[in-house]
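Visitor: Line order of the protein sequences matches chains C, R, A and B. Take 54 as the starting number for the first sequence in this note's numbering and just add one per residue. Take 54 as the starting number for the second sequence in this note's numbering and just add one per residue. Take 54 as the starting number for the third sequence in this note's numbering and just add one per residue. Take 54 as the starting number for the fourth sequence in this note's numbering and just add one per residue.
Wrong hints could be hidden among the right ones.
You can't tell identical chains apart in this list, so a pair holds if it fits in one copy or across any two.
To be verified - Below, a list of computed lysine to aspartate or glutamate pairs in the DMTMM-like style, where the Cα atoms sit at most 20 Å apart:
1) 253 <-> 133
2) 295 <-> 191
3) 300 <-> 193
4) 310 <-> 193
5) 310 <-> 191
6) 300 <-> 168
7) 74 <-> 249
8) 300 <-> 133
9) 74 <-> 193
10) 253 <-> 110
11) 58 <-> 108
12) 295 <-> 171
13) 300 <-> 249
14) 123 <-> 157
15) 253 <-> 131
16) 123 <-> 249
17) 67 <-> 193
18) 123 <-> 171
19) 123 <-> 191
20) 153 <-> 191
21) 67 <-> 191
22) 153 <-> 137
23) 58 <-> 330
24) 58 <-> 171
25) 253 <-> 89
26) 253 <-> 78
Think of the hints as simulated: they come from the structure by calculation, not from any bench.
Below, each chain spelled out in residue letters.
Protein chains: 4
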Amino acid sequence: MSMIKSFAILGGDKRQIFCGKSIAEDGFGVVFSGFERYSGEAPVRSCSMREAAGECDAIILPLPCSRNGKTLNAPFADREVLLEEISSLAGSTPVFCGMKNRMEVCFERVFDYSDREEFAVENAVPTAEGAIELAMREYEGTINSSRCLVAGYGRIGRVLSSMLQGLGGIVTVSARRLGDMAFARASGMNAIPSSEISGKYDIIFNTIPHLVFDPQTLARTSPSLVIDLASSPGGVDFEGAKRLNLKALHALSLPGKAAPAASGIIIKNAVYNIIREEQL
Amino acid sequence: MSMIKSFAILGGDKRQIFCGKSIAEDGFGVVFSGFERYSGEAPVRSCSMREAAGECDAIILPLPCSRNGKTLNAPFADREVLLEEISSLAGSTPVFCGMKNRMEVCFERVFDYSDREEFAVENAVPTAEGAIELAMREYEGTINSSRCLVAGYGRIGRVLSSMLQGLGGIVTVSARRLGDMAFARASGMNAIPSSEISGKYDIIFNTIPHLVFDPQTLARTSPSLVIDLASSPGGVDFEGAKRLNLKALHALSLPGKAAPAASGIIIKNAVYNIIREEQL
Amino acid sequence: MSMIKSFAILGGDKRQIFCGKSIAEDGFGVVFSGFERYSGEAPVRSCSMREAAGECDAIILPLPCSRNGKTLNAPFADREVLLEEISSLAGSTPVFCGMKNRMEVCFERVFDYSDREEFAVENAVPTAEGAIELAMREYEGTINSSRCLVAGYGRIGRVLSSMLQGLGGIVTVSARRLGDMAFARASGMNAIPSSEISGKYDIIFNTIPHLVFDPQTLARTSPSLVIDLASSPGGVDFEGAKRLNLKALHALSLPGKAAPAASGIIIKNAVYNIIREEQL
Amino acid sequence: MSMIKSFAILGGDKRQIFCGKSIAEDGFGVVFSGFERYSGEAPVRSCSMREAAGECDAIILPLPCSRNGKTLNAPFADREVLLEEISSLAGSTPVFCGMKNRMEVCFERVFDYSDREEFAVENAVPTAEGAIELAMREYEGTINSSRCLVAGYGRIGRVLSSMLQGLGGIVTVSARRLGDMAFARASGMNAIPSSEISGKYDIIFNTIPHLVFDPQTLARTSPSLVIDLASSPGGVDFEGAKRLNLKALHALSLPGKAAPAASGIIIKNAVYNIIREEQL
Numbered sequence: 054m055s056m057i058k059s060f061a062i063l064g065g066d067k068r069q070i071f072c073g074k075s076i077a078e079d080g081f082g083v084v085f086s087g088f089e090r091y092s093g094e095a096p097v098r099s100c101s102m103r104e105a106a107g108e109c110d111a112i113i114l115p116l117p118c119s120r121n122g123k124t125l126n127a128p129f130a131d132r133e134v135l136l137e138e139i140s141s142l143a144g145s146t147p148v149f150c151g152m153k154n155r156m157e158v159c160f161e162r163v164f165d166y167s168d169r170e171e172f173a174v175e176n177a178v179p180t181a182e183g184a185i186e187l188a189m190r191e192y193e194g195t196i197n198s199s200r201c202l203v204a205g206y207g208r209i210g211r212v213l214s215s216m217l218q219g220l221g222g223i224v225t226v227s228a229r230r231l232g233d234m235a236f237a238r239a240s241g242m243n244a245i246p247s248s249e250i251s252g253k254y255d256i257i258f259n260t261i262p263h264l265v266f267d268p269q270t271l272a273r274t275s276p277s278l279v280i281d282l283a284s285s286p287g288g289v290d291f292e293g294a295k296r297l298n299l300k301a302l303h304a305l306s307l308p309g310k311a312a313p314a315a316s317g318i319i320i321k322n323a324v325y326n327i328i329r330e331e332q333l
Numbered sequence: 054m055s056m057i058k059s060f061a062i063l064g065g066d067k068r069q070i071f072c073g074k075s076i077a078e079d080g081f082g083v084v085f086s087g088f089e090r091y092s093g094e095a096p097v098r099s100c101s102m103r104e105a106a107g108e109c110d111a112i113i114l115p116l117p118c119s120r121n122g123k124t125l126n127a128p129f130a131d132r133e134v135l136l137e138e139i140s141s142l143a144g145s146t147p148v149f150c151g152m153k154n155r156m157e158v159c160f161e162r163v164f165d166y167s168d169r170e171e172f173a174v175e176n177a178v179p180t181a182e183g184a185i186e187l188a189m190r191e192y193e194g195t196i197n198s199s200r201c202l203v204a205g206y207g208r209i210g211r212v213l214s215s216m217l218q219g220l221g222g223i224v225t226v227s228a229r230r231l232g233d234m235a236f237a238r239a240s241g242m243n244a245i246p247s248s249e250i251s252g253k254y255d256i257i258f259n260t261i262p263h264l265v266f267d268p269q270t271l272a273r274t275s276p277s278l279v280i281d282l283a284s285s286p287g288g289v290d291f292e293g294a295k296r297l298n299l300k301a302l303h304a305l306s307l308p309g310k311a312a313p314a315a316s317g318i319i320i321k322n323a324v325y326n327i328i329r330e331e332q333l
Numbered sequence: 054m055s056m057i058k059s060f061a062i063l064g065g066d067k068r069q070i071f072c073g074k075s076i077a078e079d080g081f082g083v084v085f086s087g088f089e090r091y092s093g094e095a096p097v098r099s100c101s102m103r104e105a106a107g108e109c110d111a112i113i114l115p116l117p118c119s120r121n122g123k124t125l126n127a128p129f130a131d132r133e134v135l136l137e138e139i140s141s142l143a144g145s146t147p148v149f150c151g152m153k154n155r156m157e158v159c160f161e162r163v164f165d166y167s168d169r170e171e172f173a174v175e176n177a178v179p180t181a182e183g184a185i186e187l188a189m190r191e192y193e194g195t196i197n198s199s200r201c202l203v204a205g206y207g208r209i210g211r212v213l214s215s216m217l218q219g220l221g222g223i224v225t226v227s228a229r230r231l232g233d234m235a236f237a238r239a240s241g242m243n244a245i246p247s248s249e250i251s252g253k254y255d256i257i258f259n260t261i262p263h264l265v266f267d268p269q270t271l272a273r274t275s276p277s278l279v280i281d282l283a284s285s286p287g288g289v290d291f292e293g294a295k296r297l298n299l300k301a302l303h304a305l306s307l308p309g310k311a312a313p314a315a316s317g318i319i320i321k322n323a324v325y326n327i328i329r330e331e332q333l
Numbered sequence: 054m055s056m057i058k059s060f061a062i063l064g065g066d067k068r069q070i071f072c073g074k075s076i077a078e079d080g081f082g083v084v085f086s087g088f089e090r091y092s093g094e095a096p097v098r099s100c101s102m103r104e105a106a107g108e109c110d111a112i113i114l115p116l117p118c119s120r121n122g123k124t125l126n127a128p129f130a131d132r133e134v135l136l137e138e139i140s141s142l143a144g145s146t147p148v149f150c151g152m153k154n155r156m157e158v159c160f161e162r163v164f165d166y167s168d169r170e171e172f173a174v175e176n177a178v179p180t181a182e183g184a185i186e187l188a189m190r191e192y193e194g195t196i197n198s199s200r201c202l203v204a205g206y207g208r209i210g211r212v213l214s215s216m217l218q219g220l221g222g223i224v225t226v227s228a229r230r231l232g233d234m235a236f237a238r239a240s241g242m243n244a245i246p247s248s249e250i251s252g253k254y255d256i257i258f259n260t261i262p263h264l265v266f267d268p269q270t271l272a273r274t275s276p277s278l279v280i281d282l283a284s285s286p287g288g289v290d291f292e293g294a295k296r297l298n299l300k301a302l303h304a305l306s307l308p309g310k311a312a313p314a315a316s317g318i319i320i321k322n323a324v325y326n327i328i329r330e331e332q333l
């Protein structure tokens, strides 16, 4: 990590603030810009984009870096910042961003921290905890001793099912592949094929990004609560759930909401990993 | 369980409603009284005290049965109900109540479900989950990978520490007895004596019912969040925490708040156990 | 599973006997051949190859089906059986075998149960338990509270590390991919890169199939016991270990040795899965 | 721990050797006597009783200290040593021993490390691991996915059931008290009353020290393997098991056999705890 001694954090939400603070605690220089209107517990000195970009060896943009392709995603900034402006200020300085493909602007040297495997796995942790917090708030029983179905055994399904089991839930996992079903069983869970969801459950957590919980499946499994973690449009027929009088919630962007500090550190870790691999 | 075929649920909060509904699902007759103003999702037909007491083989009073010694604890009732009235309606009908010693009125046959060992253990589950939900809401990191201290290794400490470990927390337990410390270590946790709380923690959960977390201890352990589960006055110097700028919360009566359905079933189980043991 | 009503179990060891018995318990007809000299607790009636092949709808050969390419792997048979003979007896009957590529003889319809993903995952369970049994026998401490390194986080590493943790071991996992390291950390374990094994350990379990534990690494990690689970030549320098006075063991074919009953059922499950998928 | 700087280890088996070596690693002086015929991997210089007792500030006797009340339990000694001799050599030197009540000889200052709560809890760990090792060796399936009954939920039952669950076993616990049953259920296990053992099991572990598994109970629960951990006469009718053709094993003194190093450290810990409490 020889060359990069200081970072500019440009835009983003609370996660970026925690990211920057954690980098500073590691002994690096850190400047912030685009947080003029932020008034959280731990205040941040926000300087101008020019000043920030000029003083640093590397720039970190938020996740996603842009919502419209043209301007920086900077909810706490006091003005709109064009990505063009950042690109020209950055020059050959390395830029780290989330969801690079959302930007319609070119940067000389840009790296996407959000498409890395370890980033996705680490984010499964705050996602799973956010889902559990939501379930605890909305469900009138305890997770302990409840029948929980985790539909899908990808990164989130794997972390979430293990946490539910750790709380004493009676966990069933659905998976597409027989090998994943075997893994779940070896961990002491029940496993069923995702194509044939069956059984009765108290709480259903869905992570499969296409329609699995149609009205028939919802009626058959009769949950007290359904939490859909799959990105829009999700895997639950919410209209159908309403007609069946089932409480169904679509929980999106949990990491940033449930655990901004943890999410900021996950961004930091991914940036560090890129720096190491790319020998920046 | 030969003689008792029907129950009257007199007063109480949501827990008693769930208790009664669960008893009804077991095939017993159940009548409610003292829920006239309740307007939850699952409505309850509330009859008069006289009618309810007259129709049943056993009466269940809430937890606590009274807050002032003289009237029934019935937040959803449309009038004040004197315990004297219930006592005279009950006659020799068995009465099950929580915290019997709060009542200044005599009943012919009265049993306290709240002083039973299994009742206390089962309530440790919703208490622990309620504490975890609160920690997830208030803490900006994840419990996973966080350093958690559970002070006290009684019923709640035992259940809570195991759940935190199941979520991937790095758990330290404090206990008074060396044997309890050995149990915690055998479970893969760190253990320290309660008389010498040391180390740094992200989240502290206190279950010890006397002052353990004085300002010095709070400063030394430097938690981001302190949750006190011990009944009033608790084991945390909240004033001191404020001066140290530490977020400290006193969480009381968690079972009823966090998981009324589970709490209702726990009351039901204890009542059934008394009926079996006393051969009522 | 409409067409196949009976199975012939030809050759193999104790696993095949358990496989056949478990199939019989499911209600299918089962005949055995090639077990003339078997004298275990649960005797098996062994008929002739001709009789067995003639009476069945499907044939199950062992794992591996052959050790030399030409004859059946049948340690309990009273004579050598040529694969040619079985092939001609089988005709168009479906044949299920393990390690098909070891055979130099053609079959009309042959399916390999041993190259299936779920078969490999399920076998990780008896492999992990066999490794733990060995560690318990050879190590003079307890796994509980011991520092255990599991090198490699494939199927076996994943199951084994979780079991060691369940026993109260202090588990470090080594992995090649950052994503796998993140999964291990989310499960409450330490994780290090396989390319830079570091730290001190009481017990090392290796699952990586190339030389990782050279004398330098062994000296640096100073284990009391090394168990190599990787197939020959394995990942441990056994000569070097000897010179360093370290106890190092190469544990091969654990499933069949440690848990023949479980292994037989795993074979059965894989055969059933093939039948379902191929609609035999 | 101011006054005691050196220890004499007099008699005992491998555990005492590990105990002494571990004490020496903590920086104390350690001399051994009564190990003249010991020829293990790590040799021990055995001096005379007189020399050993004369050179030390404290004496550690084995567990049990005597088998007949009169002579030291010293299987590796080259002669019989009378406890009278040790008593007179010891004088006012503190003596730590296991099972003090087995001795018919008086010592001036004697402390029993074996009747301490934390000693018993810590010994539950090697006992549980020894039982699991035995089960793995004798059972032809895997513990993972097997139905395991742990009869009795005392120290050993508590540690053992949790380890079996960590291996993926399907664990049922039997207990006498409803509170203990509630704890087991909160941990995700099944719980049944010890007075009404029911259900079918693959492996039964008994820890209850009176006859629970009579022929009727054995027949009804139909286990493949029964391991009795209760001290003689144990809780299993072994004759009846034989008639039923059930494999039943009485496993005694597991800690010393399965994990002498761990057992030696447990003795050391208890001695240190006595020194601290008694301010020796």
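Visitor: At most 20 Å between CA atoms: does that hold for residue 310 and residue 193 within a copy, between copies, both, or neither?
Guide: between (23 Å within a copy, 9 Å between copies)
Visitor: 20 Å Cα cut-off: does residue 300 pair with residue 168 within a copy, between copies, both or neither?
Guide: Neither. Shortest intra-copy (33 Å) and inter-copy (35 Å) distances fail the 20 Å Cα cut-off.
Visitor: Using 20 Å as the alpha carbon limit, work out where residue 123 and residue 157 are close: within a copy, between copies, both or neither.
Guide: within (6 Å within a copy, 64 Å between copies)
Visitor: Evaluate residue 67 and residue 191 at a C-alpha cut-off of 20 Å and name the case that applies: within, between, both or neither.
Guide: Cα proximity of residue 67 and residue 191: across copies only (15 Å, versus 25 Å in one copy).
Visitor: When no copy is specified for residue 253 and residue 78, does a C-alpha distance of 20 Å or less occur within a copy, between copies, both, or neither?
Guide: Classified as between: cross-chain Cα gap 17 Å, same-chain 49 Å, threshold 20 Å.
Visitor: If the cutoff is 20 Å on CA atoms, where do residue 67 and residue 193 land: within, between, both or neither? Let me know, please.
Guide: For residue 67 and residue 193, the Cα distance is within 20 Å only across copies (10 Å; inside one copy 31 Å).
Visitor: If the cutoff is 20 Å on CA atoms, where do residue 253 and residue 110 land: within, between, both or neither? Let me know, please.
Guide: Neither, since 56 Å and 33 Å both go past 20 Å.
Visitor: With 20 Å as the alpha-carbon cut-off, assign the pair residue 153 and residue 137 to within, between, both or neither.
Guide: within (14 Å within a copy, 60 Å between copies)
Visitor: At most 20 Å between C-alpha atoms: does residue 295 with residue 191 qualify within a copy, between copies, both, or neither?
Guide: Only inside one copy: residue 295 and residue 191 sit 16 Å apart there, 30 Å across copies, limit 20 Å.
Visitor: My question is about residue 300 and residue 133: at a cut-off of 20 Å on alpha-carbon distance, are they close within one copy, between copies, both, or neither?
Guide: neither (39 Å within a copy, 35 Å between copies)
Visitor: Give the relationship of residue 123 and residue 171 under a CA distance limit of 20 Å: within one copy only, between copies only, both, or neither.
Guide: neither (28 Å within a copy, 47 Å between copies)
Visitor: Checking an output row: residue 295 and residue 171, CA cutoff 20 Å. Within, between, both or neither?
Guide: neither (37 Å within a copy, 38 Å between copies)
Consistency note: the structure conflicts with the earlier hints numbered 1, 6, 7, 8, 10, 12, 13, 15, 16, 18, 19, 20, 24, 25.
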